[in-house]
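Protein sequences, first through last, are from chains A and B. The numbering used here puts the first residue of the first sequence at 1, with every later residue one more than the last. The numbering used here puts the first residue of the second sequence at 1001, with every later residue one more than the last.
To be clear, the hints were calculated from the coordinates, so they are not data collected in a lab. In this text the structure is predicted, and so the values were computed from the model without any measurement. One or more hints might be untrue.
Here are the simulated lysine-lysine pairs, PhoX-like style, with alpha carbons at most 20 Å apart [unchecked claim]:
#  : chain 1 : residue 1 : chain 2 : residue 2
1  : A       : Lys-99    : A       : Lys-166
2  : A       : Lys-202   : A       : Lys-226
3  : A       : Lys-125   : B       : Lys-1064
4  : B       : Lys-1242  : B       : Lys-1064
5  : B       : Lys-1064  : A       : Lys-99
6  : A       : Lys-99    : A       : Lys-410
7  : A       : Lys-226   : A       : Lys-197
8  : B       : Lys-1025  : B       : Lys-1035
9  : A       : Lys-125   : B       : Lys-1035
10 : B       : Lys-1214  : A       : Lys-410
11 : A       : Lys-410   : B       : Lys-1254
12 : B       : Lys-1025  : B       : Lys-1266
13 : B       : Lys-1254  : B       : Lys-1266
14 : B       : Lys-1085  : B       : Lys-1214
15 : B       : Lys-1254  : B       : Lys-1035
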Amino acid sequence: MSNFAIFQTGLRSLRAHQQALDTTAHNIANANTPGYARQRAEMRTHHPMAMPAMNNNGQAGQMGTGVHITEIYQIRDYFLDQQVRHELSLQGTWDGEAKILTRIEAFLNEPSDEGLAATFSQFFKELEALSQYPESTATRQSVIENARMLTDTFNQIYNQLGTYRKDLNDSVEARVLEINTLAERIADLNGQIVRAKGYGDKPNDLMDQRQLLTEELAELTNIRVKEDNFGSWNISIGGFHLVEADSAHEIEAYEDEENDGLFSLRWEHNGHPVTLRSGKVEALIRGRDEYTGNFQERLNEIAITLAEEFNSLHQEGHGLDGSTGHDFFQGEGAGVISVNPHIIDNRSAFAAAIIEEEGDVDPDLVPEGNADNIFRMLELRDERIMENGTATMEDFYRSITTEIGVLGQKADRMGHNQDNLVSNIKKKREEVSGVSLDEEMGNMIRFQHGYNAASRLISRMDEMMDSLIAMVR
Amino acid sequence: MRVTDRMMSMNLSQHLHNSMRRMDKFYDQLSTGKKFSRPSEDPMGALFSMRARNDIEINDQFRKNVESAEDWLNNTDNLLDNLGKIAHRTSELMVQAANETYEQTSFDSIAKEVEELREGLLELANTRFGDRYIFSGQRTQSPAYERVIDTGTGEVSFNYLGDDGGITFRLAPGAEVSINLNGEEVFQPFFDILGNFMENLSNGDSQAISQDDKAAINQQMDNFLAQRAEVGALGRRMELSKERLLDQEVHLRKSLADAESVDIPKVIAELNMEENVYRSALAAGARIVQPSLIDFLR
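Just chain B, same shape as in the assembly (with noise of 0.2 Å):
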């Protein structure tokens, strides 16, 4: 075989320029950390990763989802709490007006408080999360309650102003749920219940106090307790899939890493290698430029 001297450099250009090729794609892993920055350099890869961003935005969507809806029926199941206080009271002086010897004044001065108890009950039932209303089913920008005084007979009343509509939190596609209560289931027997009673206390009817209206506060009572059961539930419900979301995310960044981090040390160590082919391929350069017959002419 001929060896020209044209082929050896022809040859030691082709040696440094695939030996640089291959530093930059290390010199690139190793800067952004990352095992490719276009499609092409791994398409499967850049499709696994391309997957696993999208998967994770979502998980984290839905976390953030599944955490609002978490405020939100903690919020809930204190305003149950604090209606379940309310009952009880009401509860309380039921019994005392039950047991009362017949004095109007006295059954007044329980009317009184009773009344402060509605209002007390108006200002739960109206609510603020946000700014939302949160018993005005969809009607949220609207109090769930107002007050209406008759102006003929200045009897007072309380109406609904929302909608029966649902607050729905989305958990997972196909997967909504529903986690408002009906204002109007809530508040309304309550209320009427409140009515009742002061009407009871201004007649003076003790009996029916005793009867009827220790009854409904009894059954409103267990109502409550059922309702913040149903809350409870819904707020198992929420960390299961918050744990769930939190475990795929922990999944999902992993197979992220996988598909796009470069394993650093590997790289390295390959770079190092790599170098060490240049360094002896530029010294083979060197001697290319060795002595020739022209040397030894005279």
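Just chain A, same shape as in the assembly (with noise of 0.2 Å):
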């Protein structure tokens, strides 16, 4: 062997340092960064070199020639990031669904003052005083006020949540455009990455992106991820292929006939339904079909049967100006019930009186005192006329209230939990692919005190061979 392989052994062994170096540095510099795994640069034993001569003179066999580095890796628990996915979409939905039902909340305003139990009560409040007082004009004036009170309250409470349902409906557009583009973008990484693999290299840096952005996907909707052979992950969507190898499927929101022109999701390539079970997408779907759709029916339903029981009753009573057969409420549902004009413009017209004639009659023959029809007004708070007879009206809003409540708090407490669990699945990744400073600095000083004996052991060398020219002279 001659005296020249060690100079060989030695810029193997500065080179290699000086990769090892760089990972360091590499490491400290995305200490922070979101996504990044620590890297490791490999370093191996290089080819030794055997000596199989017929004239070997005994010399020990195999002589070592230095180190190299095989390649620069990740450290990676693949088990833990399809946990985070999984995870993810969870909180994905409960996040999102508790938000929605703040809002929610918020609309509802219960309990307070202000809100539609509270216009309920004034409104049956007020009937009461004048059914003390039917001849009472400025208490007639009251109770209409209080009534459009009720039906003003109806009516924003039952817009507020359309407005929100629309909103909620947009987003679903939006995050669909979302999903789109981050698929777009992984198949992107997945070429890229395929390539560079085929050249030989590890793409650790472009892994991380599509790690981290594929994260991003979890968050949005349930995927499933699957690394095919060469490399590519490819992402599906309940059986469907979001991400195939570079291509991407797109998700069309179409205006879906059936649901109200809100927009459904199908794959844009075959035209099949998309099926979500977790995830903000499914999280503002469900908002807007189960909760806020769902709330707002339930509000039509107090606002039909209040204006249809409130009528039949109002239309069998007298006024004081004799005349009969009014409704009191007017519109079907709660987004549009109002109290009928005719009423606010002849407050005498409110039907306070029970007689035995029927038709409209000379307003004499109506006393100004009686209070009959009032009476079985006020029976209305009473009765179960909902829900197949087993709740009042008050009873079945207060559900509705409740109900919210409950879904609010799972989801709150869902949210919570998910946060919990995802961070400390995170933390679990971090122990195993977080930045140690420390670690770094450590391997610093090795590395660093490896290059200077290699650097070393090539200076010694060219004394060396310094000397053994100065021989020759």
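Quick one: dock chain against chain with the hints and give me the complex.
In structure tokens:
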């Protein structure tokens, strides 16, 4: 073996330590980069030199030729990554639901002195006052004003829910766009990664990016990730590929006629519906259809029942002006219910009295102090006319607020749990993949010393060569 | 287990965040005095609170109803008292007229007083409470009685203008009580008695006065007593109702407080504890930036 081989060995060592130091520097630089997994330069002994010669003079065989870096790999636990994705998706659902339900609660504004329960109560209270004083125009006015307040509150809550429902619908479309963009970028990265791997490289940083994007995607929806033999990540939702190697399939949000023209999701390439189980998009859809839509329906039920029952009583009574047969409320549903303008303009047409005559009569035939119809109206408050005769209107409304409360509480708790779970798993992952500066410093010193020693070796070899050459002179 | 710098800061921020969250809740509770501001913070509590609020409102309304009914009844009782006085005076005059030796002038002067009494009776019949005539049944905007003078004969009669409808108050759901007295029943017999008395006076028929009229007025005084007893009984019922409603209100307010009011000393104690936790977390956080290996490398 020649003396010059030592130069080679020294050089390799220099190079290897240089690379290891580079990796350390990269780690330190990315200590706080989201999604970064620490990297290690894998040092291996370089191919030894065998000495299979006829005239081998008994030298020890297989001379080592130093060190080289075989690969730069990242330290990851793929099982933890998978868990993070799964839990992120659930976190997306619960956080999303909690936000939506908090908004709905804010619309209902219960318990308070301004909510629907309070205005409902106030209306009946005024009615009660009128029952003692049916001839008073001031009290009639007050009943009508309170009825208008009640219908306004109905309208307001219903319409706020309606607007919010539209907002949620718009968000569904925006989120789907986000999914498609992410899918596109992941597919792109897949391509780059496969190409880099083809050259025998380890595209660690691209893989970090892909990992990060995939986690963003997981927050939005439930995904399954499978790595193929070439290093691509194939991502599927409900059995259909969203990302397949370096191409992405788009999800399309289309206006669904069967669902009030709100957005439903389907695959653009085959038209199959997209089945979501969790994630932010699912929370939006649930919030839109199951919560907002459902509560609107139920408010409608109350408003319609109130209008129907109240009107049928009101029609049978006589006003101070002798007229009868008027509706008190008009408009079908919570969004449009209002007080009949005829009653607003003619307070005396409010049918407080029950008399024997039918049809419009001379005002003189209606005793001013007759409040018999009001008593029937007041009984309405305690009648179980909702839900197949099991609940009063107020019971029914309270059950809505309680349900929103219970759902909100559940979403809140689950969201909080999920936060903890995700951060725990992320901590576990940090334990494996995170950069510890102390550790890197230790490595740095090691590699520095290695580098110094290798350079020392070369300079000593140089001196040796000097003395050798000097011998010749 | 490997511990990295980021893990420590992750832990720190998570603990600080949780601690802040809890403190925020306590601050909220202390500043509002309520256990929750949204139903989702305590759905069952919110349900109880909504129910209790509602029940208090209703209770309040019924109490108002009972109080107005009481006013009405007190007023009626006073009127019946006055009616009793008129009846008493009438009876005295009848005794006087029955004992009077026949002398038309003295009958005439009695008749004058009786006429005044009748005017007083008309006034009583047309008493208003607020702006409602209380003896007109449901015809509360018209006087109960009007005086009609026959243009031909000059005869005076009194016509009832009201109806027999009841003025009703609700004391509880389904418990409606009619609290007015029928004006016609109360006043008509009395008007008739006075009418007959005056006629007998003008005819100088002391016989009829001492027999028929005297018997009639005694009967009438008994009636007034019976009516007062009736009104009194109703009044006592109102009193009982009011007591019951007041009791209920105390009870309801207590359950509302139980449902939504915070136990302030308890929350303050918990807040103190939480503040300690937060302080220690912050102190721990300050130490995370402790010297690292870097400081020792030259």
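A quick look at each hint next to the structure:
1. A:Lys-99 / A:Lys-166: Satisfied, since the Cα-Cα distance of roughly 16 Å is no more than 20 Å.
2. A:Lys-202 / A:Lys-226: At roughly 18 Å apart (the allowed maximum being 20 Å), Lys-226 (chain A) and Lys-202 (chain A) satisfy the hint.
3. A:Lys-125 / B:Lys-1064: Given pair Lys-125 (chain A), Lys-1064 (chain B) holds - Cα atoms ~10 Å apart, limit 20 Å.
4. B:Lys-1242 / B:Lys-1064: Distance ~9 Å between Lys-1242 (chain B) and Lys-1064 (chain B) Cα, so the pair holds.
5. B:Lys-1064 / A:Lys-99: Violated, at about 43 Å.
6. A:Lys-99 / A:Lys-410: holds, 12 Å
7. A:Lys-226 / A:Lys-197: holds, 17 Å
8. B:Lys-1025 / B:Lys-1035: holds, 9 Å
9. A:Lys-125 / B:Lys-1035: Judged against 20 Å, a Cα distance of about 28 Å means the pair is violated.
10. B:Lys-1214 / A:Lys-410: violated, 83 Å
11. A:Lys-410 / B:Lys-1254: Judged against 20 Å, a Cα distance of about 28 Å means the pair is violated.
12. B:Lys-1025 / B:Lys-1266: OK: Lys-1025 (chain B) and Lys-1266 (chain B) at ~13 Å, within 20 Å.
13. B:Lys-1254 / B:Lys-1266: Answer holds: Lys-1254 (chain B) to Lys-1266 (chain B) is near 18 Å, not above 20 Å.
14. B:Lys-1085 / B:Lys-1214: holds, 15 Å
15. B:Lys-1254 / B:Lys-1035: Distance ~15 Å between Lys-1254 (chain B) and Lys-1035 (chain B) Cα, so the pair holds.
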